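K.L.:
Here are the chains, one letter per residue:
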Amino acid sequence: MKSLSGLERGQSLEEVTLEPVTRLDLIKYAGASGDFNPIHTIDEEAAKAGLPGIIAHGMWTMGNLAKLFTPYYEEGFIQDYTVRFTGMVFLNDVLTLQAEVEEKSEQSIVFNVSAINQNGKTVVKGKVKFRLYG
Amino acid sequence: MFESFIGKTSPKVKNVIERGSVKKFALAIGDPHPLYIDEEYGKKSRYGNNIAPPTFPRSLEYGEIEGMELPKKGLIHGEQTYHYTRPLLVGEEVYCYTKLHDYYEKEGRSGKMGFIVLDRCGDDRDGRQIFSSRAVLIITETVRKAMMA
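Top line first, the protein sequences correspond to chains H and P.
By UniProt numbering, the letter at position 103 of the first sequence is numbered 103, and the numbering carries on one by one without gaps.
By UniProt numbering, the letter at position 27 of the second sequence is numbered 27, and the numbering carries on one by one without gaps.
Looking at chain P on its own, in the form it has when it is part of the complex (with noise of 0.2 Å):
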């Protein structure tokens, strides 16, 4: 139901790593590491500034792939990937965007499944990518028929 869309990306969005969202989201996760929030320690570290967690870009904004609408309800969160050329800067503008790498349909106990493996990036403002993440996500078949529906 998406092997139209693999291959397909969004346009890029802007997004600005924020120094009180990545407080928020480091407080969510349980890990309030003051290279993370304490500005003069991020300062005094090797990167001269705070940093991101690595999990961080869930929180990001990667654009519409035009037409693809994922269900709300009911993915299932299969696995997860992050590839880093280096941590994200609080402060610095990203470009995210995110495509349909690969959907496909497999039979299981509960009927016939889709999985859809979905990127997201991020490159800097000259285009060099900084993160590139991948999740497969999976659609079970109740789901699957209420969307066809």
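With the rest of the complex left out, here is chain H (with noise of 0.2 Å):
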């Protein structure tokens, strides 16, 4: 069982990347979470609304990252997430996903997440509150 306890300030998460993005990936995500607003899903919408083409739902980019948390819910769990879309996400970007430790104490661990593109452009940036059951 992977544990957070030895984590110290400036330390990291292993991080995560993700596949290319799909239409498939975004059609799911609509599916699954009733937002069906179709600049995520149908190119003419999209260019309607003036983008170069349809957008991963940020909603889709914030609970994909989550997901780097999910295998140390048996030491605590998320109380606080908060984050900013900062860039759009387009098909077949290549997302990473990354944590590092800003604040530890024995309550819980604070970490900066963030999605970065394969630019290099942060497309999500936030903060993570991990409480621990101590």
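Rather than coming from a laboratory, the hints here were simulated on the basis of the structure.
Some hints here could point you the wrong way.
[Said to hold, decoys possible] Cut-off 20 Å, straight-line C-alpha distance, at most; resulting in silico cross-link-like pairs (EDC-like, lysine to aspartate or glutamate): (1) Lys23(P) with Asp35(H); (2) Lys67(H) with Glu66(P); (3) Lys24(P) with Glu19(H); (4) Lys44(P) with Glu74(H); (5) Lys127(H) with Glu79(P); (6) Lys43(P) with Glu75(H).
[Claimed, not checked] Pairwise CB distance ranges, derived in the manner of DEER restraints: (7) Pro71(P) with Leu91(H): 23 to 29 Å; (8) Leu27(P) with Lys2(H): 20 to 26 Å; (9) Ala47(H) with His33(P): 32 to 38 Å.
[Said to hold, decoys possible] One-sided excerpt, in silico: chain H residues whose CB lies under 8 Å from chain P: (10) Leu7; (11) Lys28; (12) Tyr29; (13) Asn37; (14) Ala49; (15) Gly58; (16) Met59; (17) Lys67; (18) Tyr72; (19) Phe77; (20) Ile78; (21) Gln79; (22) Asp80; (23) Thr82; (24) Phe90.
Fair warning: this is a prediction, and the values are worked out from it, not measured in the lab.
Each residue gets a CB set at the ideal place from its N, CA and C atoms; glycine is no exception.
Build the complex from these two chains, which are given one at a time in their own frames, with help from the hints.
P.N.:
The following block contains the structure:
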């Protein structure tokens, strides 16, 4: 069982690089989340909105980013999760998910989290406060 | 344009954290961890149950604030937060509501932009909060004008 408690400030979780974004990923997310805004799935609607192509739901990326913490839910849980959507995610983009310890106490660990695309641009940036059961 | 709704809430809506919905959601975010989808694994976990991913509340229903209608298109999701007192359990009933926390306008590069700060919360059957969330949604000038017309 992996553990978070050994991590020190400045250390990171092992980063995860996702497969290139596909239309089917976004169709599945639309169905699972109930967010059917067509700029995420239909080319013509994205074009009408002035976009060069369909873009991923911000919440799809936020959802993916949280999976860095799923293996640690025996130790604690995500108490606070805050992000800003700082860039758009297009089809075929390759995102890398990162989490670095910013602060640590006996009760919780605060991480800076981000999703970065293949050009090094940060598309989601935020913080996770992971509450430890202790 | 939403100023008069600030502080208003929707009536609570009962949601059930459905096993199938949680599985579909976990798969859609590429996180098919057994804690979310394997019943036996869930029983042996510290939760004694499967739980839902932290962003799962996106899929729940929160009801409507009477008279307030958000634009169907053209909203930009700027920020999102979640706060949990504990993870959501598969099978439990959650009573959800939404509240307009704030609305303000700012001059941006492409004209006046509106910022909708919308809270969405879920309580247990005794009224204790399980999660709260806050979204900042941005309305561009174009969409704002279309709505005023």
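K.L.:
Interface hint check: tyrosine 29(H), Cβ to nearest Cβ on chain P, cutoff 8 Å. Holds or violated?
P.N.:
This interface hint holds because 5 Å falls under the 8 Å limit.
K.L.:
Is the hinted range of 23 to 29 Å satisfied by the C-beta distance from proline 71(P) to leucine 91(H)?
P.N.:
25 Å Cβ-Cβ, so the 23 to 29 Å window holds.
K.L.:
Going straight from one Cα to the other, do lysine 44(P) and glutamate 74(H) come out at no more than 20 Å?
P.N.:
11 Å, holds
K.L.:
With 8 Å as the cut and Cβ atoms as the points, is phenylalanine 77(H) at the interface with chain P?
P.N.:
5 Å, holds
K.L.:
Against the 20 Å threshold, does the CA-CA distance of lysine 43(P) and glutamate 75(H) hold or violate the hint?
P.N.:
16 Å, holds
K.L.:
Is the interface hint for phenylalanine 90(H) satisfied, with its Cβ closer than 8 Å to some Cβ of chain P?
P.N.:
15 Å, violated
K.L.:
Going straight from one Cα to the other, do lysine 24(P) and glutamate 19(H) come out at no more than 20 Å?
P.N.:
Satisfied, since the Cα-Cα distance of roughly 19 Å is no more than 20 Å.
K.L.:
Is the hint on asparagine 37(H) kept, meaning its closest Cβ partner in chain P is under 8 Å away?
P.N.:
With a closest approach of 7 Å, the asparagine 37(H) hint holds.
K.L.:
Hint validation: methionine 59(H) versus chain P, beta carbon distance must be below 8 Å. Holds or violated?
P.N.:
The hint holds - methionine 59(H) has a Cβ within 8 Å of chain P, the shortest such distance being about 5 Å.
K.L.:
Go through the hint on isoleucine 78(H) and say holds or violated, using the shortest Cβ distance to chain P against 8 Å.
P.N.:
5 Å, holds
K.L.:
Take a quick look at whether lysine 23(P) and aspartate 35(H) sit within 20 Å of each other, Cα to Cα.
P.N.:
Given pair lysine 23(P), aspartate 35(H) holds - Cα atoms ~17 Å apart, limit 20 Å.
K.L.:
Against chain P, run the beta carbon of glycine 58(H) and see if the smallest gap drops under 8 Å.
P.N.:
4 Å, holds
The structure shown violates the earlier hints numbered 2, 10, 18 and 24.
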